[in-house]
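> Residue numbers (the UniProt record's numbering), protein chains in the order written: chain R, 1 to 537; chain H, 1 to 537.
Hints in this document: simulated from the structure, not taken from any laboratory.
Check each hint, because a few of them may be wrong.
Note that identical chains are pooled: a pair holds if it fits in a single copy or bridges any two copies.
Claimed, not checked - Below 20 Å or equal to it, Euclidean Cα-Cα: the simulated EDC-like pairs (lysine to aspartate or glutamate) are:
#1 446 x 405
#2 2 x 56
#3 446 x 171
#4 464 x 483
#5 464 x 277
#6 53 x 367
#7 446 x 457
#8 254 x 314
#9 30 x 171
#10 152 x 309
#11 30 x 80
#12 152 x 256
#13 401 x 432
There are 2 protein chains.
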Amino acid sequence: MKKSIAIFDTTLRDGTQGEGISLSAEDKFKIARRLDSLGVHYIEGGIPGSNSKDIEFFRRIKSYAWNARFVAFGSTRRKDSIADQDANLNRIIEAQVPAATLVGKAWDFHVHTALQTSLEENLAMIADSIAYLKQHQLEVMLDAEHFFDGFKHNSEYALQVLRTAANAGADWVVLCDTNGGTLPHEIQQIVSAALQSTQVKIGIHTHNDCELAVANSLAAVQAGALQVQGTMNGYGERCGNANLCSIIPNLQLKLDYSCIGDDQLQQLTSVARYVSEIANVHMPVNQPYVGNASFAHKGGIHVSAILKDSRTYEHIQPELVGNKQRVLVSELAGQSNVLSKAQQLGYELDAGKPAMKAIIERIKQLEHEGYQFEGADASLELMLRQAIGGEHEPFQFESFKILVEKSNNRSVVSEAIVKINIDNEPIYMAAEGNGPVNALDNALRKALSRHYPGIEDMHLTDYKVRVLDESDTTAAKVRVLIESTDFKHTWSTVGVSQNVIEASWEALVDSIRYALYGKEKQLQTNERKESLGIVNH
Amino acid sequence: MKKSIAIFDTTLRDGTQGEGISLSAEDKFKIARRLDSLGVHYIEGGIPGSNSKDIEFFRRIKSYAWNARFVAFGSTRRKDSIADQDANLNRIIEAQVPAATLVGKAWDFHVHTALQTSLEENLAMIADSIAYLKQHQLEVMLDAEHFFDGFKHNSEYALQVLRTAANAGADWVVLCDTNGGTLPHEIQQIVSAALQSTQVKIGIHTHNDCELAVANSLAAVQAGALQVQGTMNGYGERCGNANLCSIIPNLQLKLDYSCIGDDQLQQLTSVARYVSEIANVHMPVNQPYVGNASFAHKGGIHVSAILKDSRTYEHIQPELVGNKQRVLVSELAGQSNVLSKAQQLGYELDAGKPAMKAIIERIKQLEHEGYQFEGADASLELMLRQAIGGEHEPFQFESFKILVEKSNNRSVVSEAIVKINIDNEPIYMAAEGNGPVNALDNALRKALSRHYPGIEDMHLTDYKVRVLDESDTTAAKVRVLIESTDFKHTWSTVGVSQNVIEASWEALVDSIRYALYGKEKQLQTNERKESLGIVNH
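If we strip away everything but chain R, and leave its shape as in the complex, we get (with noise of 0.2 Å):
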């Protein structure tokens, strides 16, 4: 029988002291649901006594089933205060949740330093509270601040924190290395001596502040700790609280513990991204387990390897955190990422012929000049299409204008005017946006669509700038990148210009070329007939 380690998220309440994270009482609770789907056992939601959002997203919760068990979060009282008039003990009450972690000093230093009071009296608060709620049969953890810091400096008061904690009736003690300073080895040798002290459960909660969140936890429940606090992708104060994407599966894939079921593992990435969308944080491509680029292939003997036999540069099946393998075409690459690029595209392309060398240089140029074809699958499997030839060309560009108008106390005005060649025939059209870039994309569209229907059918999903050289910034060259979807399929493409307006015209018109192949593709096999009706109406 695997031994099961206890999953304690708490993205809701300390990962929003991330830096740039900010989620309303509604994303937090969009959230909540995947991460019980996930199979997280604990959501800690936020802290009712700090703010109305945290009240509001506890009263929401009430009218769904869950199989997560919430938690509320507080300090324990106040100094020289009586726990049951504690207005942040009793809103955690009010919250009606089944858990609550209250936090507590474990370090003497931040009992005189940060708190001002007495051993004795914090004592005396952490004891108090934690019996309050338990009259109230809440299940309890205390989270001992800085256990770590306070062992190192004091280590009996810091056990005399966990034994109180004990007596007062908590259900478990949570060792906080809240600094984020401490190593692996010390991590294994302090939890151990804690788990000699009290029969109580034990916990961990680490930040990552030495780049070693991760392996603290790891350390932790190798030495016997039976529950992992941490947040989706790491968020969190400074440097961000462990990252549950790698501690779970290192725990259930690795080390063969239980956490959560294979299928759920298997929620993981598509969880971990939704997260990061919507906290509206970046997710840096190189994450583990769960990035765009965890499984992602550049060096050509790399490349040719994997082709053989994927275990040779993949740790795990990538499908077992619900990842992908990926190979990216880079100027590193050489022949074999392009060959296998084609290949998944349905191409057959012969290595030694001059096609192939033209390819490769013409990639090669256009990445020296800027354009990245590792997020722009869709813009390299056009350039693919057309270097194969025979490619019918949707529309002739002829000109665009732009214009921006503002005047004080009034809202800017967008305006676009596009002038396309479809089959010969002229079409001149205007549209508004809400920017000059949505204008241009209406005007296209509108132009587009008596001839290609189909094209209402897409959207654009995700617009990004970047700017390539940023020490002469607004003259500088800026690279777009645009994803698509129909609702079946999503696709990337990009445009680089010194121009913004220029880049987002290239990363559109290729996102609609894309949308419109597809189309083609579609109705030639099914209705041809129809189809060239509509094409040539």
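Here the structure of chain R is known, so what remains is to put chain H in place on it, guided by the hints.
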């Protein structure tokens, strides 16, 4: 006497295998200069056998004096061939560097599957290649690829690879966790086993696929490894290589090893950010030690404690690695963050006063609309100054018009016209630019330059566009962050709008207001008369 650990930087070789990373010979040269000044012991510059860019790089470095030893990388000779006729090995010799790394297979599965040769031939390839480079007086390191996976599957063969390298004269054997799937406790055991089976010095080379590369490097050093290979910011294939920006301070500040000088350690943050700029990869704000948020405090309780003693929530002094403490202003923060920010800016605010409440309400409202002051200190300061009152506005806005035109085969033309008022004098000015924002920037500066000649000293250094609601893309709100400099100071401003031009305008105007404010203050103190002459011209 502290034990020394050799730092081997492979940013310029393995780092460039990361998705989205591409470095020109010039980029590599710039980064090498900074790495040399940082004090790393080895700089792996590239693969002279793979491309002309790396040959060019090795040619260029010859005309400078360096403290670090440069290293050229290549594979062991091809199977069934002769080392001194191997083109790649000869390119390494032609690179005329003092040291070389040879990658050789240490996992029997890879010998069979990827190399498709016999175990004996692989050993011969390793021995011949090392012996050949040693004949040419190179310091030679064997990168024992997949050593840890190899050891787990066939420990005798993996160790035989090390002994073969040692017997052939290798100066170092470097144990590689190529797939990044090994855990710290395994690293410690296997490094210990390797040390017992060979006399040659051992190095460690890990990858971050389990988010454990830093912990694994430390575990290897604690077991006896004397060299750590890694990259700046952890760049590298898939999830990246071991991050030297975390490993160096962990070894030096936490484990008392000696790596680089204490004064060099203080360059760490600026070197890390410089490499991120040159590599054109966004540095996550929460990157340990060197990130912009590594010592940033957002939680209200944290902020009030660090104001008492920064050790309460900082594991080291940020200055030791050249970073600094920051206090973030956000809805979580409460008054203490705003008070502390205002104090930093030189304003004495009273926590109880209605003005203070109004400022916090205004910040909350703006953050709700999508503004983010965590990365826009100058906009925040302007707002605080405005709330306190008495701010002289350098100009009044009347209107702007932007025209962007493109015709087939001609490049885009961008023009802007701005109308402003300075002391009731209307100024009407037009300018061209490489893009609409650049045109607007140029026109605004031209309009201001007669009254504020100082405006020519400043320029923009960074321009970021972020889509706030990606579900409705080109019509979504965007946030523009602008970073500006006058070569002495750097400041950041923010603008938010559905229209990228309007958001840019807002951030531009804030940037200029901030610059002019500094100018006025300076002139009023030093040469008040002349300053007033300029302002009221």
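> Does each hint fit the structure? Answer for all of them.
Outcome of the hint check:
no.	hint	in the structure
1	446 x 405	between (22 Å within a copy, 19 Å between copies)
2	2 x 56	neither (38 Å within a copy, 56 Å between copies)
3	446 x 171	neither (63 Å within a copy, 68 Å between copies)
4	464 x 483	both (9 Å within a copy, 18 Å between copies)
5	464 x 277	both (13 Å within a copy, 18 Å between copies)
6	53 x 367	between (46 Å within a copy, 14 Å between copies)
7	446 x 457	within (13 Å within a copy, 45 Å between copies)
8	254 x 314	within (14 Å within a copy, 32 Å between copies)
9	30 x 171	neither (29 Å within a copy, 56 Å between copies)
10	152 x 309	between (48 Å within a copy, 18 Å between copies)
11	30 x 80	neither (40 Å within a copy, 60 Å between copies)
12	152 x 256	between (31 Å within a copy, 17 Å between copies)
13	401 x 432	both (12 Å within a copy, 15 Å between copies)
Checked against the numbered hints given earlier, the structure breaks hints 2, 3, 9, 11 and satisfies all the rest.
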